[in-house]
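Asks: Residue numbers (the numbering used here), protein chains in the order written: chain F, 1 to 338; chain U, 1 to 338; chain H, 1 to 338; chain D, 1 to 338.
A few of these clues could be false.
[Unchecked claim] Below, computed lysine-lysine pairings styled on DSSO-like, alpha-carbon distance capped at 30 Å: (1) K93(F) - K45(F); (2) K40(F) - K45(D); (3) K45(F) - K45(D); (4) K45(U) - K40(H); (5) K45(D) - K93(D).
[To be verified] Coverage of chain D stretches by chain U, computed from C-beta distances (three or more under 8 Å per stretch; other residues unrestricted): (6) 141-147; (7) 189-197; (8) 212-218; (9) 227-241.
FYI, nobody ran anything at the bench for these hints, they're computed from the structure. Beta carbons are placed, not taken as given, at the ideal position from N, Cα and C, and that holds for glycine.
Protein chains: 4
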Amino acid sequence: MPRFALIGAGFIGGVHATNLAAHPDVDFALVHDSDVERAKAVAAKHLCPATADLAEAFDPAVVDAVLVASSTDAHADHLRAAAAAGLPVLCEKPVDLDLARAVDVVGYVQDCGVTAMVDFNRRFDRDYAELRRLVVSGEVGDVHLIQMTTRGPTLPPLSYVAVSGGQMRDQTVHFFDLVRWISGLDPEAVFATGSTLVEPRLSEYGDVDVSAVTLRLPGGALVQIDSVRQIGYGYDERIEVLGSTGMVEARRHRSGAVMRYGAGYVAGDGMHAGWFERVAPSYRAALDHFVDALEHGTPVGPDLGAALKAQAVAEAATRSLASGEMEDVQYPELAYRM
Amino acid sequence: MPRFALIGAGFIGGVHATNLAAHPDVDFALVHDSDVERAKAVAAKHLCPATADLAEAFDPAVVDAVLVASSTDAHADHLRAAAAAGLPVLCEKPVDLDLARAVDVVGYVQDCGVTAMVDFNRRFDRDYAELRRLVVSGEVGDVHLIQMTTRGPTLPPLSYVAVSGGQMRDQTVHFFDLVRWISGLDPEAVFATGSTLVEPRLSEYGDVDVSAVTLRLPGGALVQIDSVRQIGYGYDERIEVLGSTGMVEARRHRSGAVMRYGAGYVAGDGMHAGWFERVAPSYRAALDHFVDALEHGTPVGPDLGAALKAQAVAEAATRSLASGEMEDVQYPELAYRM
Amino acid sequence: MPRFALIGAGFIGGVHATNLAAHPDVDFALVHDSDVERAKAVAAKHLCPATADLAEAFDPAVVDAVLVASSTDAHADHLRAAAAAGLPVLCEKPVDLDLARAVDVVGYVQDCGVTAMVDFNRRFDRDYAELRRLVVSGEVGDVHLIQMTTRGPTLPPLSYVAVSGGQMRDQTVHFFDLVRWISGLDPEAVFATGSTLVEPRLSEYGDVDVSAVTLRLPGGALVQIDSVRQIGYGYDERIEVLGSTGMVEARRHRSGAVMRYGAGYVAGDGMHAGWFERVAPSYRAALDHFVDALEHGTPVGPDLGAALKAQAVAEAATRSLASGEMEDVQYPELAYRM
Amino acid sequence: MPRFALIGAGFIGGVHATNLAAHPDVDFALVHDSDVERAKAVAAKHLCPATADLAEAFDPAVVDAVLVASSTDAHADHLRAAAAAGLPVLCEKPVDLDLARAVDVVGYVQDCGVTAMVDFNRRFDRDYAELRRLVVSGEVGDVHLIQMTTRGPTLPPLSYVAVSGGQMRDQTVHFFDLVRWISGLDPEAVFATGSTLVEPRLSEYGDVDVSAVTLRLPGGALVQIDSVRQIGYGYDERIEVLGSTGMVEARRHRSGAVMRYGAGYVAGDGMHAGWFERVAPSYRAALDHFVDALEHGTPVGPDLGAALKAQAVAEAATRSLASGEMEDVQYPELAYRM
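Sequences and hints are given; from them, build the entire structure.
Replies: Structure (C-alpha cells):
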C-alpha cells in the first residue's frame, strides 16, 4: 500500500485527509502544513503522524506519493519538490496562477518523468462521467452546443476572492476543463462578459461575480457557460450537450427526494446547501483513480497538460472580460508535449 | 354530418354542448332538458335550437344520433327511447344505478341493434391510452400488479353523494373499467374497506369518502385502488402497471411547468384545481371516437356491456365494504353476449 | 361581436382561421389571400366567405378588425391599409424586415391612432406569463441572469430561411421580446456568434443555424440565449431567470406524462414533435387578449413599439454575428413614443 | 470509545463491519461467526481480531456493546446472552420468527435493563425521516391514507425464502414498522392477499411473491402496501402519506441524474440495481443513532417492543393471506410495557 504524505491541512486538506484515511489501499503516512497546529489537528483525527519538517513529506524513505493541498501560491514549489524526489503527485488546481510559472514547473515535472495529476475532481463526478461516456459513444451525434451552469450559494470571503485570480481562473476553469474532456476539442476562441451584481468591491480587483462565457470549438460548435458566485437557492451545477441527433443532460442535484403537495403547488427538497455536499464523492473517486493508476502503472486522468490548457482558456476569458471582444485562446507550447 | 340531439343541459351537458358545437363533423341540432330554461341557455350559447318536447330529440327526421347527459335516473329511459327510434346513442355512465334494471335496458338496446356507447371518458385520456398501448404491446411482460389513485379536490354536495350509489359506483367505477380495459381481464374477486374521514354524515348512507380496494384478476395478478373524495391539493389521478419485465406509469398531471428555486426547496405548479381541467380533453376525444365510428361503421369503444361489467365490480366492492370480506364478482349473463 | 377579416391563408393563416372560427366573441367575416384558391379552401372549412378583393378586407362596412397573416413582405402594406381605414389590427411579426421601413409604417399607424398589436404569441404562453408574474412580484429579487433556449426540430425550407432575415430576426427575436417583457429592461448591448452546423448553404446568406447570444441589460444583468434551427429530439424551449434571492424556470414541455421503467433506465414521453404542438394555445390566448382589448378599450399587450424594439435587438445581434464584437443596440426613436 | 463485538460475518455482517470500522467513535474490537473462516476474512479486512469463542463476544472485559447480525434463528440466544452480560445490543430483525419466543426473550432483555435496539434501518433513511418529520409537524393535517411500495429486483434464493417466515414477516415487516412510526398509530386490522407469479414453488411454503396489504388504523385511516419479490427494473421503494390538507411523498430513487433526449422520448438513469445501493446509508445512520444513544444515555429508536409490534402485524397479515379475510392484529401484552 503506497504511503501518502498530505501537504496542507486547511478545509480541502481535511477533505483529502478523510479520504486518505478511509481508503483501503492507502497508508496515510504523514500530514504537513506550514501551520503546525493545523497539521496536528488533522493528523490526530486520523491517528496519523504530523510533521513540521516539509522535507520529510518528500522523503522517499517515508512516503511513496504526495497529495498537494497547500495554498495556491505554494503548489508550484511542492510539485517541483515531489518531482525532484521522484514521487508521484496529486495536486489541487491550479498549478500556479501565473501561467508562465505554471508552464515552467510542468516542464520540470515532465522532465523528471513522475506521474502527476491535477485534481479536477468534476471529471470524477458520476453524472459528468456518464454524460461524457454517452457523448463519446455517439449518443447525440456530432456535438453542436454545450450549455453549462456553475453557481455557488455564497460569495467566498473577499480576501479569498482577491487572490483567486478572478472568476474565470478560479470557478469557471473547472468547466473549461470539462468542455475539453467531454468534447475532445480545444476551444479556439472565447468571449466573456461579467458584472459585479453581488459584491461591488470585486470591481476593484477587476473581477466579476456574474458572468457569461461563449466558447467556439474547432469545427464551429459553441459553448455557453454561466458562472455566478452567489445565488439564493443553494449550490447549482448542470450541463447539457446538444448534438446533431439528440441531447444529454446532467441535471441539477437536490438534497433529497421528498415532495410536498399542497393547494396550488408541489414542493420538494431543494438544492444542496453548499458545493461540498454536491461534489464530495468526486474527491474520493479522483483519489481512487490516482491510487489505481499508481498500482497498475496506467495513465492518470487530468494530467498537468490538461491543467495548463484549461488555464489557457481562463486566461483568454479573463482578457475578454476586459476587452469586450472575442479572444483567441493561446495554448502554451509545452502542453502539446503531453 | 350527423345531426345530434343533446339531452341534458346541466354541467356535463354544457361540456358536451361545447364539444358538439366545436366538432367539425357534427351538426349540433337540438338541446333538450327537463328544465326548459336550462336547455335554452345552453342552446343560445351555441346558436342551436332548444326543445321542450322530448320526443323531438328522438325523432329520426330531426336527429341522427343522441347524446344522453340527463340525470342518472333518466339514462335508462333515454337509452331505451333512442334504441326504439333506431338512433345511435352516446350515454353518460351509469346505464342505471340498479344493476338489474341496467341489464334489462342493455338487453333491449342490443336487441334493437343500434350503436350504443357509454362515456367512460378516461379510456380516451391520452396518457391512459398510451399506457394501455404499452401494456398490450408487451412492454412490461405479464401484468403482475396495478396501482391506481383517484382523488377529488372537494366532496361533492351531500345531496349528490346521497343519490350517487356510493363511492364505488360513482367514483371508483371509472377505474374498474380501466382495469378491464388495460389488463384485458375481468376481475374475479374484490375486497374493499373504507372510512368517512371527511364527511361523517356519509355513513348514514352507508357510504365512505376514503377507501382502499383490492382486486384479484384471473391468473393471480392484483390491483390496488385508493379512492378519496376530498384532498387538499387539487385533483389527482395516477396509474402504475407492474409486469414481469418492467413497469409503466401514467403520472400525476400538474397545471403548468414553472418551477421556483429557493433556499432549501424547489416548488412547482401544483395539481389541477378540479377534475374537469384534468380530463376535459378526454370528453372531446370520446366524442371524436363515437362520431368516427358512426361515419365508418366501426365498433365503439366502451360499449354497454363494458358499462355493465364495471358496474358489476362496483356492486361486489360495495358488498365488500359492508361485509369486510373479499367478495366474488358476479357478472350479469347478458354482458357475455357483447 | 366584432367582424374579423383574415388576410393570409397559409399555414399560420389557417391557425388563425381556426381560432377566429372557434372564438365565441368573434364574427369570422372574411378571408383574403393573394392566392384565391388558398383563401377559398380555408374559408370553406369554416363556413365563412372568401374574397379576392383585398379592399373588401379593409372596408369598415364589412369588417371591424383585421388579422394580418400575409407573407412577411406584405405586412407593412396591410398594416398601413388597416390603419388608413381606422381598423384595429393584429399583425404577425415582423412589421417589416427592413427596420427603417418598419419604423415608417409604425409611425403612420400611431398617427392614425388605431389599436395595433404584434402577435408575439409567446407572451401568452401560460408558463412564460407565470414566470413573468413571479419575477415582477419579486420572487427572485433583482434579476441577475436569464438563460433561454429556443430549438426547432427541423430546418425550415431553405427558400424560407433565405428570405427570413436570418436566425436573429426570425427565430431569436421572440426571445428578445421576452427578455424585455420579463425583465422590464431594454438590452444595451449584444454579442452573437454562430455556425452553420446543419446546413452549410446558409452561410451563402450570411445566416447561421446554431448560435449563442449574450445580452447586457441596464444595471449589468446578463442574458444568454441559444438558438438552434434543427435538433434531433423534437421542439424545445426553456427559460430560467436567476435573481438575487432565487431562481424561476419555465421547463421544457413534454408530449405526455407516461413513464416506462426498465432495467437501468426510466424513459418517458419526449418533447413535442413540432413547434406548433408546443405553442398552439398561445395563439388562442393572444387572440383572446386582442378581442378583449377591443371590447373594453384596454391597451394591447405587445404593441408595435415592442415589435420595433425586439427588432432593434435582432439588428444589433445580426451585426455582431458578422463583426465578432459586442454591439450596442440602437433603438429607433419612434419606439419611445409608445 | 465503546468497544463493539460483531456477531455474524455474512453479507449483512460485512456491511456492519465496514460501518463499525469507519465509525470515528467506535472501537471495532471483535468479530465472531459460527463459521470461523468467515469471521477471519471480515476481521482481516478491517485489521480487527476474530474469535472462535462466542463467550468472548459477550465478555464485558473485552467489549462494551454487541451488534447481532447472526442467522435469524440465533438472534434470540444472542440477545439473551448480551442482556445477561449487561451489554447494550443492536440486533438485526427479527427478534425471532416465532412470536411467542420473541416475546419471551424481549421480556428477559427488558428485565435485565440493557439498552436494546432492533435494526429497522429504514427509519434512518434520510427521506423517510424527513417524511415523518413533515407528517408529525402537521404538514398534511390528519393522516387519511398511506400508500407504500416495496419491490425487490430479484427473488432471493429459494433456500432463503423457505426459512424467511414468508413475505409478510421478511419483507413487508419493514413497512409495518414504518406505518407505526410515521402515523404514531398501531394498526387494528389487516387484509392481505397474494399470488405466486414469479416462483410457483413458493406456494409449497404457503408463501407469495406479489401481495397487496390493506391496514386499518385507529380512527379509520387506511394503508395500502404492495410488496413484490422480483421486478424487472431494479430496486423500488416509495411512500405517500395523504392527509386532510395535503400529501407528502418519498419518491423512488434513481441511480443518477443523467437524461437522454431523443426522437419521441426522454430517458434517464434507472433505479438502483439492488436494495443495498438504495439503503446503504441508512445502516450507517442507524449505527450512529445507537452509538450516540450509548454515549448520551438517550433512548434508542426502534426498541424491541417496536420489533414485536411490527411482527404482530406481520402475523395477522400472514393469517389473512390464508383466510382471505380481514384479521384483527393481536399485540403481545409485553409490548405495552415498553
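Asks: Quickly compare the C-alpha distance for K40(F) and K45(D) to 30 Å and report which way the hint goes.
Replies: holds, 28 Å
Asks: Taking a Cβ-Cβ distance under 8 Å as contact, does the region 189-197 of chain D have three or more residues in contact with chain U?
Replies: As far as the region 189-197 of chain D goes, the hint holds, because 6 residues have Cβ atoms under 8 Å from chain U.
Asks: Keeping to a limit of 30 Å between CA atoms, is the pair of K93(F) and K45(F) held or broken?
Replies: Given pair K93(F), K45(F) holds - Cα atoms ~25 Å apart, limit 30 Å.
Asks: Mind checking the alpha carbons of K45(U) and K40(H) for me, to see if they're no more than 30 Å apart?
Replies: Holds, at roughly 28 Å.
Asks: Do the alpha carbons of K45(F) and K45(D) lie within 30 Å of each other, as the hint requires?
Replies: Holds, at about 21 Å.
Asks: How about the region 212-218 of chain D: do at least three of its residues have a C-beta closer than 8 Å to a C-beta of chain U?
Replies: holds (count 3)
Asks: Given the hint that K45(D) pairs with K93(D), does the C-alpha gap stay at or below 30 Å?
Replies: Roughly 25 Å between the alpha carbons, so the hint for K45(D) and K93(D) holds.
Asks: Counting residues of the region 227-241 of chain D that have a beta-carbon nearer than 8 Å to any beta-carbon of chain U, does the count reach 3?
Replies: holds (count 5)
Asks: Verify the coverage statement for the region 141-147 of chain D against chain U, using a C-beta to C-beta distance below 8 Å and requiring 3 or more qualifying residues.
Replies: With 5 residues closer than 8 Å to chain U, the region 141-147 of chain D meets the three-residue bar; holds.
Violated hints for the displayed structure: none, as all numbered hints are satisfied.
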